[in-house]
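Trainee: In case you want the letters, here they are:
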Amino acid sequence: MFGLLSASPAASLGALPALVALSTQPLAHLRLLDIAVIAIYFVMVIWIGFYLKGMSNTSEEFFMAGREMTAWIAGLSFVSANLGSLELMGWAGSAYQYGILATHWYWIGAIPAMLFLGLVMMPFYYVSKTHSVPGYLDLRYGGPARTVAAFSFAIEMILMSGVNMFAMAVVMKVVLGWDISFSILVSSVAVALYVGLGGLRSAIFNEVLQFVLIWGGALLVPILGLIQAGGVAGLKTKIISNMHSDSYFHLWRDTGHFSANPMGVHWTGIVFGLGFVISFGYWTTDFLVVQRVLAAHNLRAARMAPIIGSFFKMAVPFIVILPGLLGLVLLQNPDGSRRQLVGEDVVAACNGSSENGSVVNSSACSAAMANTTLPAAYQQKVLSGASGAELHSYNQALPLMMVRYLGPGLLGLGITALIAGFMSGMAGNVSAFSTVWTYDIYKPLINKKGTDSHYVLVGRLSILIGVAVSIGAAYLVMHAHGIMDYVQALFSIFIAPLLAVILFGMFWKRATGLAGFLSLLIGIVFSASLFMWVKLVPSALANVALSPDAKPMAENVFRALWAFILSAIVVVVVSLLTKPRPVAELDGLVYGATKLPREEPVPFYKNEVAWAVVVVVIFAALNIIFW
Amino acid sequence: MHGSRIPIWFFIGVLLLVYGLMIFGYGVYEWQTANYPPLVQLTNLHTPVWWGGVLALLGLLYVVKFRPTRAHK
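Protein chains in written order, with the working numbering: chain A, 1 to 627; chain B, 1001 to 1073.
The set of hints was computed from the structure by calculation and includes no laboratory data.
Any given hint could be a false lead.
What the hints assert, rightly or not - Here are some, though not all, of the chain A residues that point toward chain B, as calculated from beta-carbon distances under 10 Å:
| no. | residue |
| --- | --- |
| 1 | 33 |
| 2 | 51 |
| 3 | 205 |
| 4 | 208 |
| 5 | 213 |
| 6 | 216 |
| 7 | 224 |
| 8 | 227 |
| 9 | 405 |
| 10 | 409 |
| 11 | 411 |
| 12 | 412 |
| 13 | 441 |
The beta-carbon is built from N, C-alpha and C at its ideal position, and this holds for glycine as well.
Required output: the full structure, derived from the provided sequences and hints.
Mentor: What follows is the structure, encoded as structure tokens:
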């Protein structure tokens, strides 16, 4: 979610709805063995749901998985909830477009924030025994801030779930030719069943299962691709030869100016906007991921979980970024020439063929292709509908690579990995929605005096309702194309002000309830206004990102940065003008006012700080190696 | 995992074992009959055989190590 739907250069999913009517042949044809692999996966996740139903009877069990998860399970679930298939395919497509610059979203855009969550913030979340992030705001700032955050979370999660569901169905149609409604129905029924039955425990179990499947299904692509490309050296040589640039292999070298790199970003935006505001906002305050860590069985496990997750997060580019880079040199057209991928908008413009095989809307198609690097001869072939002259989008880089290397059985496993990723993201959204709805909206605002079993029932029902609303959102996006951009923007609009409010609340005793509420509200309104400004006046991007050379990619990071700064100013100014809470009331909530529980000493290999140091060393080394 | 009779690792082991055996079995059939899918690259590496084998062995390891009778409460 974080990558593709918030700040990804491949975030141009707005054209995706236009692909619903795609009439070209699917990329892959599944055989019986592949179907069996997929079917077994569905049987397994539903079996897990039924098995765990008996262990999800109390609210603590249903919403917090009994707070019994080990560090490994919480850590893998923490990473897996973010590792959706849109993420996999979107970032593979981004790597195809921009090279390893896309890796920033996995390294600086995740690792420092994950370590900060584990080492610094987790004790406050965990010691306060909150059930959710809005719940923490309630304890720290009071009801109004909690209510704003809870409604924002609930709306965002359910709409995002719908967008994910729709995007998954489109991908299944493009890759496999499956009917859109069939994909939506099957995936949503499966998720509703296993999360509704087993609650968060079931969602976490399946996320760990899905994490293993994603690696088992996707790892072969870079291995076989590297063999065929002649290793890393061969890949580099071929890319420089094809693309006439070595920028594809540098993370930082060409970020001194917006126009010096294909992504159109500046290092300040990457470091402060992505590396701080967006990354910290997502990994430390988004309840979807924080909920997984809150389910850990003790404070040490809760602190260790994000650190374990950070090792796997650093490794994900191997199965995501590398296939995109390999696609640049290995994908071929049927005639043996190099296959060049294009944007979703170009594929959509050239979709549909007339009786003689030529493109229906040739002027729109021609205009769309004029902005690409497709050879003129190939463009003519596309316009005339010549056999084999197909257009594929950047987001199809990973499925195309899978089809290239994976035969029967293995292809089924690869497709299962994609489906598992989709369902993992959807399950994460609905389980978080259920908790926020029950604890932060229903309980404080609608029925304060319900029994524990009543709230569990409300939680189960809210999962069913959440899935139903998600399905509605999916069909809404399908029929009203423009909505998709707005839904995607919800996340980035909300997260920066929330980060400011939580950081000041957690580390500044003086922050007051009114300051938290106003900061959150003003920050969200300001961020939404910036988004609408650029939407209505595209040239305003130069003002938001401070450069006429800035590309849409830069908008997300700079908008987040400005929203964070404004929210921080509001929280400081209003706090200084209002009366603070007595320090005694801040125990367990604020740094300096909390006596953290003393942890038993453990050998260094079980110590979270020691492992965090290892992560820092590897993180620094990777950034230097790929400078 | 604490509090459950069957750890998640056992479920993972079962799934990997089943998938591994299916893919390995198909790989052996493919190798014996030389009936390779026409558009798939690097079939000479017999990927389904070794990858299916790896998955099956990993799955077997997890099934044995985390089988329910040995699972911790």
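Trainee: All hints are to be evaluated individually against the structure, with a verdict given for each.
Mentor: The hints, checked one at a time:
The beta carbon of residue 33/A is positioned within 10 Å of a beta carbon in chain B (closest approach about 6 Å), and the interface hint is therefore held. Because the closest C-beta pair between residue 51/A and chain B is about 7 Å apart, less than 10 Å, the hint holds. At a threshold of 10 Å, the smallest CB-CB gap from residue 205/A to chain B is about 5 Å, leaving the interface hint in force. The interface hint given for residue 208/A holds, since its Cβ lies 5 Å from the closest Cβ of chain B, which is under the 10 Å cut-off.
Look at residue 213/A: its Cβ gets to within about 7 Å of chain B, closer than 10 Å, so that hint holds up. With a least beta-carbon distance of about 6 Å to chain B, the hint placing residue 216/A at the interface is held under the 10 Å criterion. For residue 224/A, the shortest C-beta to C-beta distance to chain B is roughly 5 Å, which falls under 10 Å, so the interface hint holds. A hinted interface residue such as residue 227/A counts as satisfied when its beta carbon comes closer than 10 Å to some beta carbon of chain B; here the least separation is about 7 Å, so the hint holds.
The criterion of a C-beta within 10 Å of any C-beta in chain B is met by residue 405/A, whose closest approach is roughly 6 Å, and the hint holds. Checking residue 409/A against chain B: minimum C-beta separation of about 4 Å stays under 10 Å; hint holds. The beta carbon of residue 411/A is positioned within 10 Å of a beta carbon in chain B (closest approach about 8 Å), and the interface hint is therefore held. A cut of 10 Å between beta carbons decides the hint on residue 412/A: the least distance to chain B is about 9 Å, and the hint holds.
A cut of 10 Å between beta carbons decides the hint on residue 441/A: the least distance to chain B is about 28 Å, and the hint is violated.
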